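S.K.: Protein chains in written order, with numbering that gives the first Met the number 0: chain A, 0 to 398; chain B, 0 to 398.
It does not matter which identical chain is used: a pair holds within one copy or between any two.
Using 30 Å as the maximum straight-line C-alpha spacing, the simulated BS3-like pairs for lysine-lysine come out as follows:
(1) K3 - K264
(2) K230 - K163
(3) K198 - K166
(4) K143 - K4
(5) K3 - K119
To be clear, the hints were calculated from the coordinates, so they are not data collected in a lab.
Bear in mind that the values here come from a model prediction, so they are computed numbers and not experimental data.
In case you want the letters, here they are:
Protein chains: 2
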Amino acid sequence: MVNKKSVAYSVNQSQIILISNKSEILKEKIGKENVFDFSIGSPSVYPPKELNEEIMNVINNVDPIELHKYTQDLGLKDTRTAIVDYLNKKYNLDESPDYIYLTHGASSALSITINALASKNDEFIVFAPYFADYNVYIENANSKVVVVSPDKNFLPDFHDFKKKINKHTKAVIINSPNNPTGVIYDESVISEISNILRKAEAKYKHPIYLISDEPYRELIFKDMEYPFVTKYYDNSIVIYSFSKVISIPGERFGYILLSNRMADKDEVFNAIKGSGRALGYLCASTMFQKMIPSLLGKTADLDQYRKNKKLFEDMFDELGYEYVKSDGAFYLFIKSLDEDSVRFSEVAQKFNIFIVPSEDFGVKGYERVSYCASEESIKKSYNAFKSLKEYYEAQKWKT
Amino acid sequence: MVNKKSVAYSVNQSQIILISNKSEILKEKIGKENVFDFSIGSPSVYPPKELNEEIMNVINNVDPIELHKYTQDLGLKDTRTAIVDYLNKKYNLDESPDYIYLTHGASSALSITINALASKNDEFIVFAPYFADYNVYIENANSKVVVVSPDKNFLPDFHDFKKKINKHTKAVIINSPNNPTGVIYDESVISEISNILRKAEAKYKHPIYLISDEPYRELIFKDMEYPFVTKYYDNSIVIYSFSKVISIPGERFGYILLSNRMADKDEVFNAIKGSGRALGYLCASTMFQKMIPSLLGKTADLDQYRKNKKLFEDMFDELGYEYVKSDGAFYLFIKSLDEDSVRFSEVAQKFNIFIVPSEDFGVKGYERVSYCASEESIKKSYNAFKSLKEYYEAQKWKT
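Could you build the full structure based on these sequences and the hints that come with them?
M.R.: Take a look at the structure:
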């Protein structure tokens with residue numbers, strides 16, 4: 000009798016959530032220190048000290064009614080201006096505070112944007128591997144998910160990409176640094192995607208939006224300039240979250256930014272505001288809106304993730320696990336030792352290791368290992384990963 | 000090219016927002032103290048002092064990673080249990096923490112619930128006058144809004160209600176204390192609604208859900224017991240927000256509670272969780288989840304609203320404005336002096352008075368006056384309301 004789609008989205012919960020829940024149960028049973036939980040991408044390093052300072056600042060210095068009142072749906076002008084000024088300076092852009100809409104994190108930003116763009120029979124292209132909830136947002140907006148295969152380096156297979164574009168293509172979603180692989184799209188990749196889309200727009204005579212989902216934008220562990228997508232493609236939409244950069248995933252704060260050079264930016268921005276209203280959003284937390292301008296450019300101790308990554312890489316090198324070479328986000332994508340990577344994840348649980356099979360991200364044969372974890376837990380997991388490897392080697396001899 | 004529905008929800012913004020925006024522009028021009036802004040229902044009294052104390056408490060005593068991490072979609076067990084325990088004790092109920100889902104305020108709770116229940120061709124019954132965004136949530140879920148007329152006391156016209164129920168009726172939405180009239184449904188009204196629905200369920204052989212939207216539950220200015228809807232009707236769903244009771248509308252914190260006696264509560268709860276996921280919600284603010292247990296039962300200075308109400312009533316009595324007698328929320332519903340109440344609201348703006356025409360709530364001939372305002376502003380508005388009355392009396396002589 001109820002909405003069957005809604006029931007399905009709950010019953011078929013993402014593997015990340017299911018596996019993370021299992022690890023929580025085991026932690027209660029055998030103690031947190033004995034469970035190697037690398038399932039969830041929830042920041043494991045402290046927020047910058049400025050976060051608490053800024054909380055103290057607003058509660059001591061802002062009138063409580065001002066601090067907690069409704070704001071306009073798109074957010075306070077001062078906050079929007081501060082964010083856009085920061086981006087313009089850092090990435091040498093020319094974006095406008097009139098086309099940024101503050102949200103409850105990246106998930107709501109994605110859901111609002113997809114629902115704002117989608118008409119019936121529209122297609123949204125995603126690049127595998129990709130975050131499973133893209134499917135939910137796209138299908139819930141009565142549109143179709145079209146998946147492009149990765150190349151051997153887990154970059155888009157451009158040949159496949161070109162084949163998948165057609166007159167129904169409404170938008171393309173990219174996510175760099177990538178969840179689950181950690182791979183980063185450099186300038187040449189963004190340029191190539193943009194060129195392909197411009198040709199397709201000319202051919203089909205309608206805009207194709209490039210939605211860039213960037214919650215890991217600051218989690219880059221090599222020297223490079225981040226290719227900010229609005230510089231390369233006019234019909235681009237940036238989705239951002241403060242969850243990872245300042246370790247506040249539970250506070251749900253992010254934004255949607257439209258390129259100032261988008262031809263129909265007013266119509267798209269109206270659609271975003273109307274979509275937000277229809278999905279039940281009123282405004283992002285006013286208290287965090289007041290705080291965010293002082294937190295721009297501040298980060299949690301992201302270097303810890305670099306250390307964690309190195310620990311895992313050294314361990315996997317020594318034990319003979321293969322993994323995708325990457326430099327971003329806080330994930331390693333390791334090759335499954337089992338031909339069935341869902342089964343591999345289940346077997347790993349017998350060794351108290353919790354990792355997410357790549358099926359959840361639309362590809363086979365891999366596992367996502369989140370290095371949002373303590374150094375101690377990573378070091379301590381050595382024996383478990385060793386035993387897991389030995390278990391599979393023993394299996395091999397048997398067959 | 001974009002979602003036309005979404006554009007319409009933004010372009011056809013609610014009158015409350017449009018009129019409130021106009022008042023803000025005038026405030027910047029002639030000074031806040033010269034604008035009589037009674038347009039928006041945004042709390043005007045300070046949060047309880049315990050709010051800041053509790054913020055200090057959590058930032059000083061909770062590990063920052065714990066304080067800001069993701070929680071389960073439905074919310075922390077401790078918080079859910081504290082809320083349900085509080086309700087069970089206060090209203091003598093037997094509800095379960097397993098059927099409460101924490102949300103970003105009442106708006107997201109309504110949007111999630113309606114989307115969770117709605118299938119194509121479903122009808123949702125609302126009682127006029129009612130909050131305009133109910134239309135948006137219902138239509139966006141591809142269902143139909145069915146409006147029941149009020150009786151002369153702005154209670155449901157039960158004759159009309161019975162006529163409007165049919166085999167397509169999925170749910171009925173009530174809102175008491177009511178926005179915009181301030182009218183409260185007493186036990187006899189809730190009982191009568193429940194009886195009518197039980198008969199209809201038996202006749203059409205499917206559940207009909209009673210959604211009770213209760214952000215003003217604590218804003219009752221007479222002696223009465225609040226008839227908690229789960230006591231009267233098994234298939235009931237309570238929507239709540241902490242926005243009004245502790246003056247934190249910008250922080251977006253509320254919940255959805257299913258009656259423990261709902262026959263298909265597990266399926267409905269799954270649909271709610273899946274609907275929340277599809278609309279882009281991950282969890283309510285973790286920091287506020289940690290704080291809320293200590294804030295249950297605390298209130299802003301709600302007595303100020305009682306005083307404001309009296310000030311307005313005395314003023315309207317003296318000036319000869321008619322209004323609906325009511326005892327709840329923070330609104331008075333006054334009769335328009337113009338046969339066209341939209342025009343009346345516009346004329347009022349010439350006297351720097353900002354009030355919302357009842358058309359926005361699905362009825363004609365009235366204006367909503369919010370008494371979320373300072374005593375000073377209400378007192379100072381006397382001359383403006385007087386001049387407005389005189390203006391209309393002069394018009395009368397002319398015709």
